[in-house]
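*Asks:* In my numbering, each number is its position in the sequence shown, counted from 1, plus 5.
Derived from the structure by calculation, the hints contain no laboratory data.
Honestly, I wouldn't trust all of these hints.
[To be verified] Simulated DEER-style distance windows between Cβ atoms:
| # | residue 1 | residue 2 | range |
| --- | --- | --- | --- |
| 1 | ASP16 | ARG66 | 34 to 40 Å |
| 2 | LYS46 | ASP82 | 30 to 36 Å |
| 3 | PRO12 | CYS130 | 16 to 22 Å |
| 4 | ASP83 | HIS62 | 17 to 23 Å |
[As the list claims (entries may be wrong)] BS3-like, lysine-lysine: derived pairs with alpha carbons at most 30 Å apart:
| # | residue 1 | residue 2 |
| --- | --- | --- |
| 5 | LYS46 | LYS20 |
| 6 | LYS77 | LYS131 |
| 7 | LYS131 | LYS41 |
| 8 | LYS125 | LYS20 |
| 9 | LYS154 | LYS46 |
| 10 | LYS154 | LYS131 |
| 11 | LYS20 | LYS114 |
| 12 | LYS37 | LYS49 |
| 13 | LYS20 | LYS49 |
| 14 | LYS37 | LYS125 |
| 15 | LYS46 | LYS125 |
| 16 | LYS125 | LYS53 |
| 17 | LYS49 | LYS77 |
| 18 | LYS15 | LYS77 |
| 19 | LYS131 | LYS18 |
| 20 | LYS37 | LYS154 |
| 21 | LYS15 | LYS41 |
| 22 | LYS77 | LYS125 |
| 23 | LYS49 | LYS15 |
| 24 | LYS46 | LYS77 |
| 25 | LYS41 | LYS125 |
| 26 | LYS53 | LYS20 |
| 27 | LYS18 | LYS114 |
| 28 | LYS18 | LYS53 |
| 29 | LYS77 | LYS37 |
Using N, Cα and C, we set each Cβ at its ideal position, and we do this for glycine too.
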Amino acid sequence: MIEVYIPGYKDLKIKNVVFDFNGTIAEDGAIKEETKDNIIKLSKLGLKLYVATADTHGSARSQCEGLPIDIKIFQQDDATLSKKNIIEELNKEVTVAIGNGRNDSAMLKESILSMAIIGKEGAFCKSIMEADIVVQDINHAIELLLYPKRLIATLRG
C-alpha cells in the first residue's frame, strides 16, 4: 500500500492500480521493457495491479505474461461501463486509474486518483479533463507512484 497525505487535497491510501492497455501501458499492442520493469517495481510496494481492456490488438494476455498483473478483458461495446465497474468493485477510495482513451473517462472520474497519458496514440479530451494528473508517458505515471513526493509536489493546495 502507498500512503501519502497531500496538503489541501487528499489523504491517499492506495491499494490498487488499474491500467488501460493500448495507448497506456502498451504502444501498438506491445509493452516496452522499461514499463515492464516499472510494473514489477510497483508490485513490490504491495499494490494489486490490473489491466482493464477490450484488447484491440489481441495481445494483452501475451504481453502481460510473467508480470504481477491481473488482466480483465471485456467486449469492446461496453468498455466504458466495464472499466468503471472494475473501479467500483475494487473500492474506488483505494484505487488509482491510468488511461488515455474515450472508454477510460468514467474510470478516471471514479477513482481516488487518476492519471491520463498523452502518448503516441494521443488522448481523449474528456479523459484528460477527468484526470487528476496528465503525463506524457506511462513510466512517468508509474514513477509518480514509486516516488509519492512527486504527487505532493503536483497536487498540493
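*Asks:* Which of the listed hints are broken here?
*Replies:* When the structure is compared with the hints, only number 3 turns out to be violated.
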